[in-house]
Amino acid sequence: MAGDKSKKIKISMRQALSLLLPYIRERVMIQIRSVWLIILYLIFFQTIILRIAIFEASVIAIGIGLVVVGLTLFMEGLFLGLMRLGSIVGSGLPRKSPVAVVLGFGLLLGFLATLAEPSIQVLQMAGNSVKPWDAPLLFILLNKYSHYLVYSVGAGVGMAVSLGMLRFYYNISLKPFIYFLVGSLVLITAWASFDANMKDIIGLAWDCGAVTTGPVTVPLVLALGIGISRMVGSAESGAGGFGVVTLASLLPVVAVMGLGVFFNESVPRPMSEEDFFKTDNRSRIAVLFPNQDQMIRYVFMKAGPQAQLSFFGENSEEMEKYLKDLSTSESKRKAVFGEDAAKRELDIRELTQRNFIAAVKAISLLAIPILLVFFLLIRETLPYPDEIFLGIILCVLGLAVFGIGIELGLDKLGTQIGSKLPASFKAIPLPEENKTIMNFDPDSVHVATAPDGKKHPFFFFEKDGKIVTIPYNPSDYDQVAGQYRYTPVKGPLFGSGTSLPGILIVILFAFIMGYGATLAEPALNALGVTVEELTAGTFKKNLLMQAVAAGVGTGIAVGVTKIVLSIPIVWLLVPPYIILLLVTALSTEEFVNIGWDSAGVTTGPITVPLVLAMGIGIGSQVGVVEGFGILASASVYPILSVLLLGLHINRKRKAAVMEASLDDHQRGKEAA
Amino acid sequence: MKIDNMVSRITAYLHSNISKDVINALKEVGIHDLHLFPARSLVIETKNRLFSFLPGRDLTQDPLDTLFFLVKPEMEDLLVRLIIEKGHLDVPGRGSILVEDVNVLESHELCGENEIQPVEASPLSVHLYSSTGICCIMKRGQGDSVARIALDTGTCVPAIHFGTGTGVRDKMGLLRITIPAEKEIVHVFTAPHESDSILEMMIDAGRLGQPGSGFIYTFPIKKCLVNMRITRDEQHHAASIEQIVTALDHIKGNTAWRHRRAMDEKRAVRKKKYIMNLVELVLLCDGGTGMELVKAAMSAGAGGATISGLKNIRPPDSPLCDISPARDACSMVVPEEMKEAVVYALKTAGAFTDRCHGQVIMRRTSKAFTYVG
Numbered sequence: 001m002a003g004d005k006s007k008k009i010k011i012s013m014r015q016a017l018s019l020l021l022p023y024i025r026e027r028v029m030i031q032i033r034s035v036w037l038i039i040l041y042l043i044f045f046q047t048i049i050l051r052i053a054i055f056e057a058s059v060i061a062i063g064i065g066l067v068v069v070g071l072t073l074f075m076e077g078l079f080l081g082l083m084r085l086g087s088i089v090g091s092g093l094p095r096k097s098p099v100a101v102v103l104g105f106g107l108l109l110g111f112l113a114t115l116a117e118p119s120i121q122v123l124q125m126a127g128n129s130v131k132p133w134d135a136p137l138l139f140i141l142l143n144k145y146s147h148y149l150v151y152s153v154g155a156g157v158g159m160a161v162s163l164g165m166l167r168f169y170y171n172i173s174l175k176p177f178i179y180f181l182v183g184s185l186v187l188i189t190a191w192a193s194f195d196a197n198m199k200d201i202i203g204l205a206w207d208c209g210a211v212t213t214g215p216v217t218v219p220l221v222l223a224l225g226i227g228i229s230r231m232v233g234s235a236e237s238g239a240g241g242f243g244v245v246t247l248a249s250l251l252p253v254v255a256v257m258g259l260g261v262f263f264n265e266s267v268p269r270p271m272s273e274e275d276f277f278k279t280d281n282r283s284r285i286a287v288l289f290p291n292q293d294q295m296i297r298y299v300f301m302k303a304g305p306q307a308q309l310s311f312f313g314e315n316s317e318e319m320e321k322y323l324k325d326l327s328t329s330e331s332k333r334k335a336v337f338g339e340d341a342a343k344r345e346l347d348i349r350e351l352t353q354r355n356f357i358a359a360v361k362a363i364s365l366l367a368i369p370i371l372l373v374f375f376l377l378i379r380e381t382l383p384y385p386d387e388i389f390l391g392i393i394l395c396v397l398g399l400a401v402f403g404i405g406i407e408l409g410l411d412k413l414g415t416q417i418g419s420k421l422p423a424s425f426k427a428i429p430l431p432e433e434n435k436t437i438m439n440f441d442p443d444s445v446h447v448a449t450a451p452d453g454k455k456h457p458f459f460f461f462e463k464d465g466k467i468v469t470i471p472y473n474p475s476d477y478d479q480v481a482g483q484y485r486y487t488p489v490k491g492p493l494f495g496s497g498t499s500l501p502g503i504l505i506v507i508l509f510a511f512i513m514g515y516g517a518t519l520a521e522p523a524l525n526a527l528g529v530t531v532e533e534l535t536a537g538t539f540k541k542n543l544l545m546q547a548v549a550a551g552v553g554t555g556i557a558v559g560v561t562k563i564v565l566s567i568p569i570v571w572l573l574v575p576p577y578i579i580l581l582l583v584t585a586l587s588t589e590e591f592v593n594i595g596w597d598s599a600g601v602t603t604g605p606i607t608v609p610l611v612l613a614m615g616i617g618i619g620s621q622v623g624v625v626e627g628f629g630i631l632a633s634a635s636v637y638p639i640l641s642v643l644l645l646g647l648h649i650n651r652k653r654k655a656a657v658m659e660a661s662l663d664d665h666q667r668g669k670e671a672a
Numbered sequence: 001m002k003i004d005n006m007v008s009r010i011t012a013y014l015h016s017n018i019s020k021d022v023i024n025a026l027k028e029v030g031i032h033d034l035h036l037f038p039a040r041s042l043v044i045e046t047k048n049r050l051f052s053f054l055p056g057r058d059l060t061q062d063p064l065d066t067l068f069f070l071v072k073p074e075m076e077d078l079l080v081r082l083i084i085e086k087g088h089l090d091v092p093g094r095g096s097i098l099v100e101d102v103n104v105l106e107s108h109e110l111c112g113e114n115e116i117q118p119v120e121a122s123p124l125s126v127h128l129y130s131s132t133g134i135c136c137i138m139k140r141g142q143g144d145s146v147a148r149i150a151l152d153t154g155t156c157v158p159a160i161h162f163g164t165g166t167g168v169r170d171k172m173g174l175l176r177i178t179i180p181a182e183k184e185i186v187h188v189f190t191a192p193h194e195s196d197s198i199l200e201m202m203i204d205a206g207r208l209g210q211p212g213s214g215f216i217y218t219f220p221i222k223k224c225l226v227n228m229r230i231t232r233d234e235q236h237h238a239a240s241i242e243q244i245v246t247a248l249d250h251i252k253g254n255t256a257w258r259h260r261r262a263m264d265e266k267r268a269v270r271k272k273k274y275i276m277n278l279v280e281l282v283l284l285c286d287g288g289t290g291m292e293l294v295k296a297a298m299s300a301g302a303g304g305a306t307i308s309g310l311k312n313i314r315p316p317d318s319p320l321c322d323i324s325p326a327r328d329a330c331s332m333v334v335p336e337e338m339k340e341a342v343v344y345a346l347k348t349a350g351a352f353t354d355r356c357h358g359q360v361i362m363r364r365t366s367k368a369f370t371y372v373g
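Taken in sequence, the protein lines are chains A and B.
Each residue of the first sequence is one higher than the one before, counting from 1 in the numbering used here.
Each residue of the second sequence is one higher than the one before, counting from 1 in the numbering used here.
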């Protein structure tokens, strides 16, 4: 090493800058190119089509800037550090350790990856609106037993990584795994749809599969797999190194379904809200909550007044007594409601701290075991250690900045649009634009009569120099202060009722959003680079990304259709997967591996919040139990699109060789 | 095996749909040490309708399997005939095959040239001719623009593969991350009389005269059959131009008749300074060990290296089966007088022990070009 140092070229500050600046500019441009579509599109849609001003626009702009910076740092860190480390360990481990150690390592890594990826918490957010009386099993899995949910998903991913490595050792095709897993999942799903409790966790289970494989896990597992498969695979194995992601998106679904079956017997059936809280039902619903206090808290915070009364055995005096008790005793109040958590203010320090801790956790949970394996089991000199450590640091920094940016920018933008989107087919209130009218005179209210004789009170209001009519709602009038609180209403875009063009706009929006968000996904970028690398540039990254993005767009559009039209989720999953099994049977091993893997990587940190925000927004306006299922649907169609692309490419390749040689034609005929 | 002896290196670039047949045939006749790596070919295909307005999209990539192995010179004819027969390479559009004279400078005892039992192979329906190979190493992403020269001049279907480069970037400290290590390597095969013009056109296309942009060199090919099917566009004649050229080559028995004047006129405006007397040393070693061995070679004076991953293919009874099928090919171009020093440095670093199972093959280059000071 000393000899190397003496030969080191002296580089002046100016030269260093002239090298660094173009380098940085190029990387930033790549990320800008990958996110501009989705961001411009979101802004365009909200301001031009829905004609609603963007709330907190400056914060969102800063957030988007942070997303670009974070992505740039993170991707560079991935390529410099994590992926390189993965492939070094992948190619080193089989040389130094027996199969069992490699498989055990895979199991552990998969489990840790699930703990590291924050996406699973996003699912819990999606389940916030789940009511325990509508879907008790789903409720318990997302709340009281959420740690079991995470563990079972982790076990699924661990099994997947381990099985994937085993595949490389024995050169087993991915197809039988797909047939078996998808086949049985289709059957389980179909069965579950007939069970009152199980039918509600179908969406959760499939979404878990889609969500677990995030931007840290996928590149690392890919690099590891490629390293291992290169060292142990036989010469004939095509597309070696892929397939782990596929298993990691299927096995967690099995695990969550299993978890559901396990707890299914111990939870009550779905029932009406009042029945649920009846006193004689108390012992049965108690299992759904961690303790008595939590249950009471839920009653007061989420249940309706009728249910609250029912909780106290239709005895309002008892309820009042209890409330009085609560207001006098501080300790009791704390036990029920917890610390006052109503911190609405944007706290930059808290935000930064939280995201940095999450990033450090996500990277170190994966990087430390890998480094340990390298130094303890492989014990070789690490090539370019400075680059690898720089890469890891960049990954942490990038992930943190990216997280902050997502929270400040994309999340906010997504939630705004998600909640406003239904305005294209129905009228929705806009609470951010609340106006208070001073000195409101109730005498100025007029009455309009509808053809059916119904009376609609309204009043005239001057807004920006124009006189508009506003429906009058007596409950919004504050007699004491003489003020009227008015919440503007928006939509629908076409006609007055729920209209087909309005719904079509929502579906089109969903498609383009899915398409744009997918192009920005870091894990897909990493997969694209890997595929291009392994095929020596035959399968270009762009082609793969376009195919996947189109597939995701289609899937999200279908998922949104499901929510708007309230189609049961079985119809969304079972038929496409059956078609997929057929197409898989027709495809070559190479494309089966790439296609199924790309499905797992599509739903990452950019798509998930946008899709969930939209799902919840539409779901809450249309009134469905949960916004699950869109993500699962977004995973089916990209597989289909990549496999179809593969079939097309293979046909062309065959034709090219056939055209060149008549002999082959003859041989083909003989074979037939 | 004997050190520093002359052997034949046979390299076949095959469309990956047909490579399996050829590999099986080679295994059958007793080739027990064969290397394979993925590459891509580039052909012109004018896109119709919707895609036609996109610029630079008239190229189609096809996957190639590149296989190479060493044999005793007296066996080369037989094997070449076998490959051409099994792969139907006599028809343009399926692949290329080349035979070169190389020297094995040093080798682990397990890695040697292949010996085969004499087998029946049909006489050739095509003529093999000597030619010049051009190899160009440059930054990832620029391969197509340089390879295009071969298509635009109707020379051959180029083959492109990937590698990782080391060199100047290793002497720059952490700033080296600004120079991507990922390289693209283009191979083009031309008639000897045209090679200079094509070389210069490729230098211009890749702007290799600028610092840090790449490296290009030519090497002699003893005999070859090159895939000439450079386009997949519709054919409006009874025979395609490739079929006609192949037929005339066969009748004339050489490629000299293809001499064209326009090429001479296109020769570069500025005279370029070529580097002579270089040799390319290819170190084949176990996967994962290439990087550290190259470092040893560089401390002995090698300027840099390009490392590509290979797969070793052998029948299940081969003695090589104990070592991993993953191999690294490290290509270093050095002045001829430096070769002993580099080989010695590799030896001291343990390249030819049981840890790395190394083998160094030397290929002579005719001329080379890169940015010099």
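Don't read these hints as lab results, they were simulated from the structure.
It is possible that part of the hints are untrue.
[To be verified] Pairs of lysine to any residue residues, derived as SDA-like cross-links and limited to a Cα-Cα distance of at most 25 Å, are as follows:
| no. | chain 1 | residue 1 | chain 2 | residue 2 |
| --- | --- | --- | --- | --- |
| 1 | A | K96 | B | Q117 |
| 2 | B | K223 | B | V245 |
| 3 | A | K540 | B | Q142 |
[Claimed, not checked] These stretches of chain A come out as covered by chain B in the derived footprint (C-beta under 8 Å, 3 or more residues):
| no. | region |
| --- | --- |
| 4 | 134 to 143 |
| 5 | 320 to 327 |
| 6 | 379 to 386 |
| 7 | 532 to 542 |
Note that this is a predicted model, so its numbers are computed, not measured.
Note that the Cβ used here is the ideal one computed from N, Cα and C, for glycine as well.
Index of numbered hints that the structure contradicts, given in increasing order: Result: hints 1, 4, 5 break, sorted rising.
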